Structure formats: C-alpha cells, structure tokens
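Chains V and C, in that order, give the protein sequences.
Take 1 as the starting number for the first sequence in the working numbering and just add one per residue.
Take 1001 as the starting number for the second sequence in the working numbering and just add one per residue.
Among the clues, some could well be false.
Stated by the list, open to error - Okay, derived cross-link-like pairs now, DSSO-like style, lysine-lysine, Cα gap no bigger than 30 angstroms in a straight line:
1) 282/V x 449/V
2) 222/V x 319/V
3) 1065/C x 39/V
4) 115/V x 282/V
5) 519/V x 115/V
6) 282/V x 1065/C
Said to hold, decoys possible - Just a sample of chain V residues kept apart from chain C, beta carbon distances all over 12 angstroms, derived:
7) 125
8) 179
9) 227
10) 395
11) 462
12) 533
13) 557
It is worth saying that the hints were derived from the structure and are not from the lab.
This one's a predicted model, so the numbers in the text were calculated from it and none came from an experiment.
All residues carry an ideal CB built from backbone N, CA and C; glycine is no exception.
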Amino acid sequence: MTLLLAGAVPIRLVHLSAVDVAIIAFYFVLVLSIGWYLKNRANTGEDFFMAGREMTAWVAGLSFLSANLGALELMGWAGSAYQYGILATHWYWIGAIPAMLFLALVMMPFYYISKTHSVPGYLKLRFGEPSRALSAISFAFMTVLMSGVNMFAMAKVMQIVLGWDINFSIWVSSLTVAIYVTLGGLRSAIFNEVLQFVLIWSGALLVPILGLYEAGGWTNLKNLIGERASAQYVHLWAGLGSFSANPMGIHWTGIVFGLGAIISMGYWTTDFLVVQRILAAKDIRSAELAPIIGAGFKMMVPFIVILPGLLGLAVLPEKLVPESMAAVTGAHSYNDVLPLMFARYLGPGLLGLGITALIAGFMSGMAGNVSAFTTVWTYDIYRPLINSNGSDHHYVNMGRWTTLIGVLISIGTAYLVMQFASIMDYVQALFSFFIAPLFGTVVLGMLWKRATGPGGFWGLLCGTLCSIGMWAWVKVDPTALRYVALSPHAKGLAQDMYQALWSFLVCVSVTVAVSLATKPTADGDLSGLVYGLTEVPAVGEVPLYQRPIFWAAIVTVVFFVLNIVFW
Amino acid sequence: MISIWFFVGISLVVNGALILAAGIYQWIDPPANATVVLSYLHAGVWWGALLLLVGIFYCFRFAPKR
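Work out the full structure: start from the sequences and follow the hints.
As structure tokens, then:
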C-alpha cells in the first residue's frame, strides 16, 4: 500500500508508558537471543538455507503464514475494511484458501520430491537454465527492493503512530533482522516467525473482542455500519453483480477469476518467500499439512484485521479520510484505523503488546524477504552463473554475506524512496508483473508433460511483458482501464485482477503454442517433476485425522460456510 | 535443541506478567484522565493473567530438560 508518504505528519496517535517500552525492548532481546542460540546450527547449506528440512507441520505452517502477515498488511487491510467494508475479506478467503489447498495437495509433492532449494530451482529442473535465470534474477531484484519499500513505509508508520525517528526505526529493525538471519539462517527466521505469529495474535486479538462488546454484538455492528456508511459494507458477494453496486468498483468475475484463480494462486504457490517455509518441512506429510494449517489460520485473520476496520467505521467518533486528503487537512486517514483502535481499547502493557505485534509483523516479513533473497541469489544466480565449483562451506559464507548485503540494499532502497516517493508505486507494480505468468509456467510444467523448455521460457517472458504493457498503457492513459477490466465503471483494484488474468492467459497460450512447435522432452527426464510421470509418495499409514486430505476437506467446508454466512 | 514453543512460552510469561502487573496497578490506582474506552472491564488484568498461564504451561511442557 502506498501510505503515509505525504509531507504532513500529524500528532502521534499513541503514547507509550514505561511498561509498553519494556515489552517492546524484551521482544528485541528475545529475537536476538534466538538467533544467537541457533548460530551453531547453521553450518551446512541444508541447515542455513533449508533449516535442515526438519520443521514440523505446525512450525512450517505458522511460519508460512507469518512471512505474509506483515505490519503493512495488517494496517493496510484494516484501512481497506474501513474504506470498502467486508469486501476486503476476499483477499483472505477466496484470495488465499483455495490457493493454499492447491499448493498442499497438488503442487507440494512435486516441489518436495524434486528436492529443489527454490521455485527457480524447480524451473531449472523442468524447463532449463534460461527459465531459471529469468525467474531468479527478477525475483531476487524485486524481493530486495520490496523489502526496502516496506522498511521505509513501516518506519513512516512508526513515526506517525509513536513519534519515532525514521532513521532509528529503519536501522534498529533492519539490523536486528540482519543479525538473527545471518547467525541462524532460515531456521532462525522460521523460529522468529512462529514467535511473531503468537505475538501478533496475542497483541491484536483484544481489539475485536472489546470492539464487539462495545458495539453490542455483530447484529448491532451491522446496523451501525448501515447507518454510518451503507448496508453493502457488510456483504461479501451480494453487491458484486455489477461494478457500480459495491464500494470497491469490482465485479465477481474479477474476484473469482482474477484474484482467486490467478493472483492468489501465483502468490501462494510460486512466491518463494512463502514456499521456502514449506520446503523446510521434515517429510511429505508435514509439507502437505503445513499449507493446510496455514489456511486454517488464514481464515481467522480477518477477525484481527477486517473486523477492527469495520468496528472503526461503527464506533470511532471521527470520520477517517483518504491518504491524500489526510496529508492536506491533518485528519486521520483510513490506514490509521488499526492504531486508533489500539489507542481506544488498549491500556498500558496491552498497548505495548499491540505495538510489538506491528513491529513483529514487519520484521517477520522482512526476514522472509531476506532469507528468500539469500537462497535464490546463492543457489540460483551465484552458483550456476558465477562460481559453480565452490564448497558447501563457501556457499554458506556467501549466504551470510548475502544476508547482510541484502539488508544494506534494502536500507538503501528505503532512503531512495524517502527522496523519491513515486519509486514506491513503481516497485510495488513491478512485483505484481511476475506473479501471474510465473504461476502459469509452473503449473503447466507440473501438470502437462508436453510443455517444453522453450515453451516455458517464452511463455514466462511474454506473460510478463504483457503484464508490463497493460500497466504502462493504463499509466499513460487512465481511460484504458475500461478495456483492461472490461467495464467503464472499473476502479483501480479491478486493474490488478484483470491484468493478472490476461497475463496468465498469454503465458499459457504462448507456452502451449511454442511447446507444440518444439521437440517434446523425453518422459524419462521428467520423472519426479510432472504429474503422470511421477509416483507421488504416500503420506504413510496414519489415521484419517492425521491425513492432509481430511483437514483440507474440513477447511474447504468451513470456507464455504463462512462465505455463505457473510454473503 | 530447545523447542521453539519454549521460547514462545517465555515470551508469553514475561509479557503476561508485565501486562498483569500494569493492569492491577491501574485497577488500584486508576488514572484521573483515562482515555481508554471500556477501562472498567480491566482487560489488562484478565488478558495478562491468561497470557501468563498459557506461557507457564508452554514453558513447562516444552522445557529443555523434558
């Protein structure tokens, strides 16, 4: 989200007491202690980059979710809930759950059996070096830039919420992450992400509980929102029949096919930032269970993110405004709703835990970026393209240095964004260019044995160029959105959905066409990589309640029930 | 190796104890100009106590010697 970048800085939102500061300080001591404790357990490449592949399903699953549960995510979607109502929940339910289950049951076996270190590594095995190089270089470049953008945005948030100096926030948080990831590698990042997951929930859960108490329950909350905004704000699907019947200006086809089928599939199944956590699982059953556990908790996240936004709409005495207006008037913006709700309900100590939850969310996201960047750089760029004869010890050292350098590049990016705010929009847009086409390439590679190396490479390249082209078209001529999103009533968010949909279709079409025109790969070379040519290992003789398919079925039922209840 | 859940337990114990202590202090000596809504529910006391109890359980259940 592009937040809080304007020049005006309002009065700080909350004031911390001594006990609040003590809780925040203890958090930093604990995460550094974990990194220090794990420093002797990251001596080999498997330990440093893959956490020894010994994580349980619970640890891998919570880490998988935590790497995505950043502070900007929490504050941004709470603000979106205030602005658009319960529609924002789509990004947590249809925009995540089907993709997580698809990853667990369909894609995870191939990632796991191939023993790849990364998603670009799978592309190398399936499509060859050019596809890996394209994917790895774009991922590494964008990951480290995104990390810097998020770092600056978080520092700006801390300045506005707490009055902290931007330089202090940037350096303290990033150096803490650099120290514990450099010392303990992926295992340290995963351990801290699990800790951060618990902190996020324990710090943020009281707000919706107390908010519902104050509002008089869910039914009264809906009535209050209906009076202060619109009854449409509490319906997930009822207003999606046309672009103009809902506050987001989006159609159900965009949500289902753009968000649910493409964007979320691309993010949750091919973004190495999250997939890396699952690759660290100790066995195939844990690797399949981990995303399902993540999906179960993901369905509950709206309770601590979306509900506070809706409660803000109902109980806050002031009217929050868009970021651009807030910068001019000094009023609070939509994105301030979560800290405002913290200040409303949380007294000394509880407020410190809530702020710690935000800091923990930021640091878990950054650790995810840094550890994923380090692995992709070392295994998919440095080793194949620069030095392929190094020892395992050499690559571990390269990983440690890359961690530090990645953090320093992120800090540099943060200061660059501070000088040129528009860079933030470009970096965030660039990141979205690669997700949908990459999903097309990976899923075709796993499910269609006729897909060839040239087909995979050209499909990925053309899909990415298509995405960039549409973005540039709308940037130059904003009225072009009506063609990209197929409606004159479409708004900004609809562009992301349809841009992803078209770029995915282009990627798939080009991959199919080029593959059919080129020599097929021998079946023997595709064993362990493609459905139909791979014997997927069984999860073992375990009771029904320990099987991934059982829990996936339960999550699916709950998913449908929730969507119907909040229809 | 020490379990991650032991570290989680330590975090909950320390945070729970601090929040509980601050909540009790606020209950005994309420601030004159309290701005927190629903402060009469003393959320800090019961939430801090809950975190403390869960943390103690985790520290015991996942203690390194076990």
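Hint check results:
1. 282/V x 449/V: 28 angstroms, holds
2. 222/V x 319/V: Between residue 222/V and residue 319/V the Cα gap is close to 17 angstroms, so the pair holds against 30 angstroms.
3. 1065/C x 39/V: 21 angstroms, holds
4. 115/V x 282/V: 12 angstroms, holds
5. 519/V x 115/V: 26 angstroms, holds
6. 282/V x 1065/C: Between residue 282/V and residue 1065/C the Cα gap is close to 23 angstroms, so the pair holds against 30 angstroms.
7. 125: Non-interface label on residue 125/V holds, nearest chain C Cβ at 31 angstroms vs cutoff 12 angstroms.
8. 179: 16 angstroms, holds
9. 227: 19 angstroms, holds
10. 395: 23 angstroms, holds
11. 462: Label holds. Min Cβ-Cβ 43 angstroms, cutoff 12 angstroms.
12. 533: 38 angstroms, holds
13. 557: 29 angstroms, holds
This entry satisfies every hint, going by the numbered hints stated previously.
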